[in-house]
Amino acid sequence: MAELTAVVGIGQTRHAAKRIDVSQAGLVREAAERALDDAECTWKDIDAVVIGKAPDMFEGVMMPELFLNDALGGAYKPMLRVHTAGSVGGSTAVVAASLVQAGIHERVLCVAYEKQSESNATWALTISMPFSVATVVGAGGYFAPLVRGYIMRSGCPDDVGIKVAVKDRLNALKNPYAHLRIEDITEDMVRESPMLWDPIRYLETCPSSDGACAMVLTTEKLAVRCRNPAWVHATEMRSEPTMF
Amino acid sequence: MNPDEESLSAPHILEYTYRRSLGPVLSKFFTGLRDKKLLGIKRPDGSVLFPPKEYDPETSESLHEMVPVAESGVVKSWAWVPAPRAPQPLDRPFAYALVQLDGADTSLLHVVDAGREAAMRTGMRVKVRWADSTIGSIGDIACFEPA
Amino acid sequence: MSAEEKPDLVKVIRTPIRLEYTYSAGKSASRFLRAMKEGRLIGQRCPVDGRVYFPSRGSCPQHGVPTDGEPVELADKGTLVTFSIVRIPAETVPLEIPFVTVQVLLDGADTILMHVLSGCGLDEVHMGMRVRAVWKPKEEWEESVANILYFEPLDEPDADYDSYKEHI
Amino acid sequence: MREVAVVGFTQSPAKRRETVLNDTEIVIPMIDELKKSKNLKNEDMDFVCSGSCDYLAGAPFAFVMGLDAVGAWPPVCESHVEMDGAWAFYEAWVKIQMGYAEVALVYGFGKPSMGDLPLTLALQLDPYTQAPLWPDAVSVAALQARLCLEGGVLTERDMAEAARRDRRNAETNPYAQIKGDFSPEQILAEPYVASPLRRHDCSPISDGASAILLVAGERAKEYCERPAWVTGIEHICEPLDLNVRDLTRSRSTEMAAERAGVGRAAIDVAELAAPFSHQEILVERALGLGAGTRVNPSGGAMAGNPMMAAGLSRIGEAARRIWDGSAGRAVAHATSGPCLQQNLVCVLEGS
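Chains as they are written, first to last, in this note's numbering: chain A, 1 to 244; chain B, 1001 to 1147; chain C, 2001 to 2168; chain D, 3001 to 3351.
Mixed in with the good hints, there may be bad ones.
Said to hold, decoys possible - Quick list of in silico lysine-lysine cross-link-like pairs, BS3-like style, CA-CA up to 27 angstroms: (1) C:Lys-2136 - B:Lys-1036; (2) C:Lys-2037 - C:Lys-2077; (3) C:Lys-2165 - A:Lys-163; (4) D:Lys-3041 - D:Lys-3179; (5) C:Lys-2138 - C:Lys-2037; (6) A:Lys-221 - A:Lys-44; (7) C:Lys-2011 - B:Lys-1028; (8) D:Lys-3038 - D:Lys-3179; (9) C:Lys-2136 - C:Lys-2037; (10) A:Lys-18 - A:Lys-221; (11) C:Lys-2011 - B:Lys-1042; (12) B:Lys-1127 - B:Lys-1036; (13) A:Lys-44 - B:Lys-1042; (14) C:Lys-2136 - A:Lys-18; (15) B:Lys-1127 - B:Lys-1028; (16) B:Lys-1028 - A:Lys-18; (17) C:Lys-2165 - B:Lys-1037; (18) C:Lys-2136 - C:Lys-2077; (19) A:Lys-163 - A:Lys-174.
To be verified - Short derived list, chain C residues pointing at chain B, Cβ under 7 angstroms: (20) Val-2010; (21) Lys-2011; (22) Tyr-2021; (23) Thr-2022; (24) Glu-2143; (25) Val-2145; (26) Ala-2146.
Stated by the list, open to error - What the simulated footprint calls covered on chain D by chain B, stretch by stretch (three residues with Cβ under 8 angstroms from a Cβ of chain B suffice, anywhere in the stretch; the number is not a length): (27) 3066-3080; (28) 3128-3137; (29) 3236-3243.
Source of the hints: derived by calculation from the structure; they are not laboratory data. Please read all numbers here as calculations on a predicted model, not as lab measurements. Backbone N, C-alpha and C define an ideal beta-carbon position, used for all residues, glycine too.
All chains, full assembly: derive it from the sequences and hints.
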């Protein structure tokens, strides 16, 4: 690998079901400005911008990176838009890291966001198409049968989803940016929450959020001057067929 | 071609009414439209961006100082639309135009209702025709008309 | 909020977007749908390993090779591989809740079909149960998966777990 | 920089309306043909990257089905850009530069005939102040054309001559959609479709796909006798706002060309993806091409413009002319966004 790379700045927005206090640009800028501050740099220090988000239909803007690029210090710079569906946040960081690792740029800003409140995520994820029969509702509709299959094949205990949900919600209480903050979360509360897509209960699902996350990545030369660089040792991603 | 090979096709409508939250700058801009006032925003070099953005489109620095611009201005460029499509603002032939309002240093992309193509020319003066009811929407400017 | 009330600030604008498309099913789906209109279920075989894709989308997603060979006729019965009981309504799904979505491995196919199950109690639904398609009256058949109204339990012993575990 | 070459290219014929295949099915034979011609197995591919657009299909995640054409078991390292395949090419080039990959497959595909493309493209504009007015892409390009014409940057005759050149060149391109020998007089006698643009000033709306194989270093020669080496590649994005950009030049193309080293030596062939005749002239000038350059021997995007594949196809068309020895140094161009907002420039050389 040509260049050792580090994450030298991170920023997140407050996440909420509806961030109606900000525009789309305001949302991504809230995260990006925090990442720049954390990295002790400014818009003009950025060599390239990588913008990640999943379906354009969430916000109803075709290739929204085209109008957001100049909100993110990207005017007259290289800009890439990543869309790898649900994995897009991670993929965006991987692409940004690659640009530094390859020795192409010294400092890259990446931002992934979604402003799902502009539409309705369940609608946007299961737009019904001609000739098909609609048998699922939202992402949970797709995943619930697979979750059941996983439980069967792995032999994991029935309450594993409940335990994971409680663990994550407890951790979220320590995260000032978290959307869901359920102070008195318990396993019973999760177990007794409505069963939406059996075997998935309401409190076992993620919320539909408005939010953004940004990172600044740099070369080793720039990173060693930073307070606490997080070195990127390796990245990897894999995709499987939709069915077989 | 063998008709049995031809793909089946069917109408598919993608339809949704998005709710776009505005943030501080666009909120003032659209509130201004509702109240029939046009607001631009000052860039660091003193020039006025209209329509306004909450950031400078070249440097990304935040912008704050909103300033009024006039209801009339000059057509900088235009394109004639002889056969408007359903969602376009006017149902008769019109022009999309870049209109630089007096007091602004950039142009607004909007429409000019000039009746016929021969009535359009770059440099012509135009003024806002407000919609019958204004709600806080770019459509509050129904169109521009020759001044 | 109506315009007359003139709130202090306009904070949200509504932007209707309507785009009209002519959706095109494509070659494989059209072949499948035309067979469907005749009450036949057809899949396509992967030329590499012979697996039968149902419905086929024109290539084997495992090997990335076209599946252009002769269609394979499948039975309208199979094994319920996995399922979910759905308890939230949606405009796009014309079913009363709760309803059961199922993944069915038709006999002779190597990939699952997503559909819905009816004809038994919710507590009777289980993995491995044998099911069969319940069709609309023949005169209503169209080029649509909706010709199958739903799947219903078949009076047969459950399929052996090993026979479908790879398809979960 | 690591040496990377384009060693394989397939494209579908650009069609106004593909009546048999859906968007994924247009890709399937492209990848199959590429794999067969290069004896490429799935395990040989270190990285796969694609470019497509959900709004062309009117459905989310259209690209997920595209992966069916590749074959993804065992799981593949794959990424996707909601951009023209030329940017997927760039991402693949980056993965090779960083030493992650040696062999990469790139493809782009789209079936815009399913919708009303010029109207759909209005959704690329500012969602608050512009898109609600539905300015169609032809009208938006016409605003730029008028600025160029009235600014004395070019004439309607220049535009007609660019259109003529492309359509005439396309006569020898079996994949082209619009071809023929139309005289500038003939073109100038046509009515405007969106004044000051005539039908001939516009690229066609095309369904189509293309695929490219990129290989690093010495291994490139195993796949191709005379590989087309990527000696420079860069892309630049301008602000969206039509009102803060100088629309009478393509500054982003100028910057990308400078950084990609287009001017370091003569260019034999240029393949441009500009979808309107005036834009093609702006790009040609921004690249600093001289009289010795054959522009758009394939006809360029003006002869066939499969959205999301057109830019990638330009790289393929340029590479093809390196392979067959008809060019020693070539440049390919891709564009995205209204009025040439974002541009990519790729320099290919035979040695």
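Structure-based check of each hint:
Between C:Lys-2136 and B:Lys-1036 the CA atoms are separated by roughly 59 angstroms; this puts the pair beyond 27 angstroms, and the hint is violated. In summary, the hint linking C:Lys-2037 to C:Lys-2077 is supported, as the alpha carbons are separated by about 17 angstroms, within the 27 angstroms threshold. In summary, the hint linking C:Lys-2165 to A:Lys-163 is supported, as the alpha carbons are separated by about 26 angstroms, within the 27 angstroms threshold. Note on D:Lys-3041 and D:Lys-3179: the hinted pairing is violated, with a Cα-Cα distance of about 36 angstroms set against a maximum of 27 angstroms.
Proximity of C:Lys-2138 to C:Lys-2037 is assessed by CA-CA distance (about 9 angstroms); at most 27 angstroms being required, the pair is judged to hold. Under the criterion of a C-alpha separation no larger than 27 angstroms, the hint pairing A:Lys-221 with A:Lys-44 is consistent with the structure, at around 18 angstroms. For the hint pairing C:Lys-2011 with B:Lys-1028, the CA-to-CA distance comes to about 8 angstroms; that is within 27 angstroms, so the pair holds. About 30 angstroms separates the Cα atoms of D:Lys-3038 and D:Lys-3179, which puts this hinted pair outside 27 angstroms; it is violated.
Of the supplied pair hints, the one linking C:Lys-2136 and C:Lys-2037 holds, its CA atoms being roughly 11 angstroms apart against a limit of 27 angstroms. Simply put, A:Lys-18 and A:Lys-221 have alpha-carbon atoms about 40 angstroms apart, too far for the 27 angstroms limit, and the pair is violated. Proximity of C:Lys-2011 to B:Lys-1042 is assessed by CA-CA distance (about 21 angstroms); at most 27 angstroms being required, the pair is judged to hold. Simply put, B:Lys-1127 and B:Lys-1036 have alpha-carbon atoms about 13 angstroms apart, close enough for the 27 angstroms limit, and the pair holds.
Taking the CA atoms of A:Lys-44 and B:Lys-1042, the gap is about 20 angstroms. The hint holds against a cut of 27 angstroms. For the hint pairing C:Lys-2136 with A:Lys-18, the CA-to-CA distance comes to about 43 angstroms; that exceeds 27 angstroms, so the pair is violated. Under the criterion of a C-alpha separation no larger than 27 angstroms, the hint pairing B:Lys-1127 with B:Lys-1028 is consistent with the structure, at around 21 angstroms. For the proposed pair B:Lys-1028 and A:Lys-18, the alpha carbon gap of about 20 angstroms is at most 27 angstroms, so the pair holds.
A C-alpha spacing of about 67 angstroms is found between C:Lys-2165 and B:Lys-1037, which places the hinted pair above 27 angstroms, so the restraint is violated. For the proposed pair C:Lys-2136 and C:Lys-2077, the alpha carbon gap of about 15 angstroms is at most 27 angstroms, so the pair holds. Proposed proximity of A:Lys-163 and A:Lys-174 is supported: the alpha carbons are some 18 angstroms apart, at most 27 angstroms. Hint status for C:Val-2010: holds, given a least beta-carbon distance of 3 angstroms to chain B, under 7 angstroms.
Residue-level restraint check for C:Lys-2011 holds (minimum Cβ-Cβ distance to chain B is 5 angstroms; threshold 7 angstroms). A least Cβ separation of about 4 angstroms between C:Tyr-2021 and chain B falls short of the 7 angstroms threshold, and the interface hint therefore holds. Taken as an interface hint, C:Thr-2022 checks out: its beta carbon lies about 5 angstroms from the nearest beta carbon of chain B, inside 7 angstroms. A distance limit of 7 angstroms between C-beta atoms decides the matter here; for C:Glu-2143 the minimum to chain B is near 6 angstroms, and the interface restraint holds.
Hint on C:Val-2145 is violated. Least Cβ distance to chain B is approximately 12 angstroms, over the 7 angstroms limit. Because the beta carbon of C:Ala-2146 sits about 13 angstroms from the nearest beta carbon in chain B, more than 7 angstroms, this interface hint is broken. Counting residues of the region 3066-3080 of chain D whose C-beta lies closer than 8 angstroms to any C-beta of chain B gives 0; at least three are required, and the coverage claim is violated. Judged by the Cβ-Cβ criterion of 8 angstroms, the region 3128-3137 of chain D is covered by chain B as claimed, because 8 of its residues qualify and three suffice.
Counting residues of the region 3236-3243 of chain D whose beta carbon lies closer than 8 angstroms to any beta carbon of chain B gives 5, which reaches the threshold of three, so the coverage claim holds.
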